[in-house]
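J.: Each chain, written out:
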Amino acid sequence: MAGTTATSYTDQVLVTDEVAEFSPAAIDEMKAHVAKYPVDRTRSALIPLLFVVQRERGGWLDNPGINFLAKFLNLEVTDVWETATFYSMFNLRPVGRHHIQICKTLSCKIMGEPEITEHICSKLGIHPGGSTDDGKYTVTMVECLGSCGTAPMMQIGFDYHEDLTVEKVDKILADCK
Amino acid sequence: MEIKALGCEPLSLRRVFIKDGHTLDVYKKDGGYKSLEKALGMTQDAIIQEVKDSALRGRGGAGFPTGMKWSFVPRDSPKTKYVVCNADESEPGSFKDRYLLEFDPHAVIEGMIIAGHALGSTTGYIYFRGEYRYLIDIMDAALAEAREAGYLGKNILGSGFDHDIHTHTGAGAYICGEETALLTSLEGYRGHPRMKPPFPAIEGLYASPTIVNNVETLTSIPQIIEMGGIAWRDLGTEKSGGTKLWSISGHVKKPGVYELPMGYADMERFIIEDCGGMLRTDKKLKAVIPGGSSVYIMNAGQILGQNVTLDYEGLVAAGSMLGTGGMMVMDETVDIMESTKNLTEFYKHESCGWCTPCREGTDWLVKIFDRVAAGGGKPEDAQLLLDICDNIEGKSFCALGDAAAWPIQSAIKQFPGDFKKWLIDNTSANGVSPNV
Ligand SMILES: Cc1cc2nc3c(=O)[nH]c(=O)nc-3n(C[C@H](O)[C@H](O)[C@H](O)COP(=O)(O)O)c2cc1C
Ligand code: SF4
Ligand code: FES
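Order-wise, the sequence lines are chains A and B.
Residue numbering for the first sequence is 1 to 177, as defined by this note's numbering.
Residue numbering for the second sequence is 178 to 613, as defined by this note's numbering.
Any given hint might turn out to be false.
Said to hold, decoys possible - Calculated lysine to aspartate or glutamate pairs in the DMTMM-like style (CA-CA distance at most 25 Å, straight line):
hint : chain 1 : residue 1 : chain 2 : residue 2
1    : B       : 181       : A       : 162
2    : B       : 525       : A       : 115
3    : B       : 525       : B       : 540
4    : B       : 229       : B       : 186
5    : A       : 109       : B       : 179
6    : B       : 196       : A       : 162
7    : B       : 181       : A       : 163
8    : B       : 525       : B       : 443
9    : A       : 36        : B       : 380
10   : B       : 431       : A       : 21
11   : B       : 215       : B       : 230
12   : A       : 31        : A       : 21
13   : B       : 331       : B       : 341
14   : A       : 109       : B       : 509
15   : A       : 109       : B       : 230
To be verified - Covered stretches of chain A, going by a simulated chain B footprint (3 or more residues, C-beta under 8 Å):
hint : region
16   : 105 to 114
17   : 128 to 138
18   : 144 to 152
To be verified - For each label pair, taking beta carbons as the anchor points, the in silico distance ranges come out as:
hint : chain 1 : residue 1 : chain 2 : residue 2 : range
19   : B       : 279       : A       : 21        : 45 to 51 Å
20   : B       : 279       : A       : 174       : 23 to 29 Å
21   : A       : 16        : B       : 594       : 55 to 61 Å
22   : A       : 118       : B       : 179       : 26 to 32 Å
23   : A       : 134       : B       : 327       : 51 to 57 Å
24   : B       : 179       : A       : 76        : 47 to 53 Å
25   : B       : 374       : A       : 32        : 32 to 38 Å
26   : A       : 118       : B       : 330       : 49 to 55 Å
27   : B       : 590       : A       : 134       : 49 to 55 Å
FYI, nobody ran anything at the bench for these hints, they're computed from the structure.
Every residue, glycine too, gets a C-beta built ideally from N, C-alpha and C.
All chains should be built: construct the whole structure from the sequences, respecting the hints.
T.: This is the structure we're talking about:
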């Protein structure tokens, strides 16, 4: 069994002053977000930019990525951490290439979520919160994702998978490369 | 999943049934942006009056009259004014906005531009919950089309009015649906709510006058301008105007999004006939949470044979609330202690931590539920839960605290048996839970 994903970030805040580098395409994407807000309110772009950084840094927010954003938006490093640590979609530890997020809220729960979770976890040999040793999968239990009418459901990355059955899950996992 | 209008022509849902209804071409062929043209020829006061006449109440959960909210905006203020669309939709049981955003993005845009014109606002933002990434892509494409066609940008349709709209993403936080937390989040901070007053209409985004409206509220605006406020109101009842989208999930044969006129009669018929009845025909209806997880749970006796009308007043009279119209249906296999525990875990997870009653209270509630579920329930636990709820309700900084307390208070009241069987004196039962 692989370890669980900690939600604490304190162990990596101290790590390094290194500043990550980003491709010109990623920088352009970030600039397009910044341009949506008044020139004296660029902090508004912080959440959208954290998503870009998370994607570009391999699925999680590492210190060099955060340091870059602080410079890019002219903020303190602690300002960036302050915001990043509030939101559940920002990963403060590495996650698998396929981040499986299973909804555990009421409509999904009563429509078969426990069976789906059990199936996925035993298949992958991990507990909710854990990642496979090869870094391919992470399973996280999440709250309602707005698919209650098509419960049970999960999101892998940003993709919705709804009306889940055990057979459907097997097919979806087989398609994860 | 069903998407369907009952008792009325599809109005909010009409583009769902048209192929490529999300594209500008098809939207225009279906009469799209005609309301904007009409509104640009109306005075600001006239538009706000139509919205007032429509008796439209906010569809995001609180049900505040939209026209009245708009009239609070100081239009003569020299500050930039903002229109913000609340597409954070995170209330458990609610998924209607998702379908509007997917199938009818131009109606959201048109509603926002009309609101912008009525309030003298040059800028709008659409705040999506972060998980709705695919909907942001659909909206960005629709915004680009609208900009290209001159519906957004400078001098819209030669009227001299400027307005542009941008998408913005949240990142996983239910509290950011609360309008002041949403604005704090939109400014790039942790999503903590702000003190009210000042209300956003006076000091909202960047301390400027701002209206925050739900997706469904805004898509109603072009309909109201097209039909006239009174005609739109008359689709529903005098106090609850128009039609309403209901998300229905759980143990029914045909879950989905249904558009019903306000005042639809009645709730029993809706669940038992329209939605196909119980998923497992041999299981009886036990409980319904009619308006999203934050409202009072109802037992079957409050619904069956009670002629509960589906509107704001009808659900209050029946002992609950309309909320967002996110109806969760449970059959007799569901244990209401367990379902309430599930929702309490949600509120604990989503408590933003800003104020003590909610942060500590939801934590204690979950601890007690955990102990009860593990077989350690005691007779006095029901009162203990209620005491903690009492310390949260009305004593928290924002409405999330109330929303955490109401499901528990109503569950204990309407389903005493489901709690009693867990809250036994375990000294004699050796700590074995009744479900083991
Ligand atoms: C905890 C909490 C969560 C909320 N979530 C949402 C939401 O996801 N979407 C929404 O439109 N309104 C939500 N609201 C209601 C908003 O605060 C606000 O009343 C609404 O966006 C106003 O728009 P309306 O008048 O058009 O409904 C929430 C309120 C609270 C207290
Ligand atoms: S009631 Fe809860 S969600 Fe609202 S401010 Fe207090 S801690 Fe935050
Ligand atoms: S309860 Fe699972 S998506 Fe809403």
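J.: Just to be careful, I want the Cα atoms of residue 109/A and residue 509/B compared with a cutoff of 25 Å; is the pair within it?
T.: 15 Å, holds
J.: Are residue 118/A and residue 179/B spaced within 26 to 32 Å by their CB atoms?
T.: 29 Å, holds
J.: Is the straight-line distance between the alpha-carbon of residue 196/B and that of residue 162/A 25 Å or less?
T.: 22 Å, holds
J.: Does the structure keep residue 31/A and residue 21/A at a Cα separation of 25 Å or less?
T.: Given that 25 Å is the threshold and the Cα spacing comes to 15 Å, the pair holds.
J.: Does the Cβ pair residue 118/A, residue 330/B satisfy 49 to 55 Å?
T.: 53 Å, holds
J.: Are residue 525/B and residue 115/A close enough, with their CA atoms no more than 25 Å apart?
T.: 24 Å, holds
J.: Honestly, do residue 590/B and residue 134/A meet the 49 to 55 Å range at C-beta?
T.: Holds, at about 51 Å.
J.: Decide if the proposed pair is consistent with the structure: residue 109/A and residue 230/B, CA atoms, cutoff 25 Å inclusive.
T.: 42 Å, violated
J.: Are at least 3 residues of the region 105 to 114 of chain A within less than 8 Å of chain B when you compare beta carbons?
T.: With 6 residues close enough to chain B, the hint holds.
J.: Does 55 to 61 Å hold as the CB distance between residue 16/A and residue 594/B, or does it fail?
T.: Holds, since residue 16/A and residue 594/B (Cβ atoms, about 58 Å apart) stay within the stated range.
J.: Examine the region 128 to 138 of chain A for residues whose CB is less than 8 Å from any CB of chain B, and state whether their number is three or more.
T.: Violated, because only 0 residues of the region 128 to 138 of chain A bring their Cβ atoms closer than 8 Å to Cβ atoms of chain B.
J.: Does the Cβ-Cβ separation between residue 374/B and residue 32/A fall within 32 to 38 Å?
T.: Given a distance of about 36 Å, which is inside 32 to 38 Å, the answer is holds.
When each numbered hint is compared with the structure, violations occur for hints 8, 10, 15, 17, 19.
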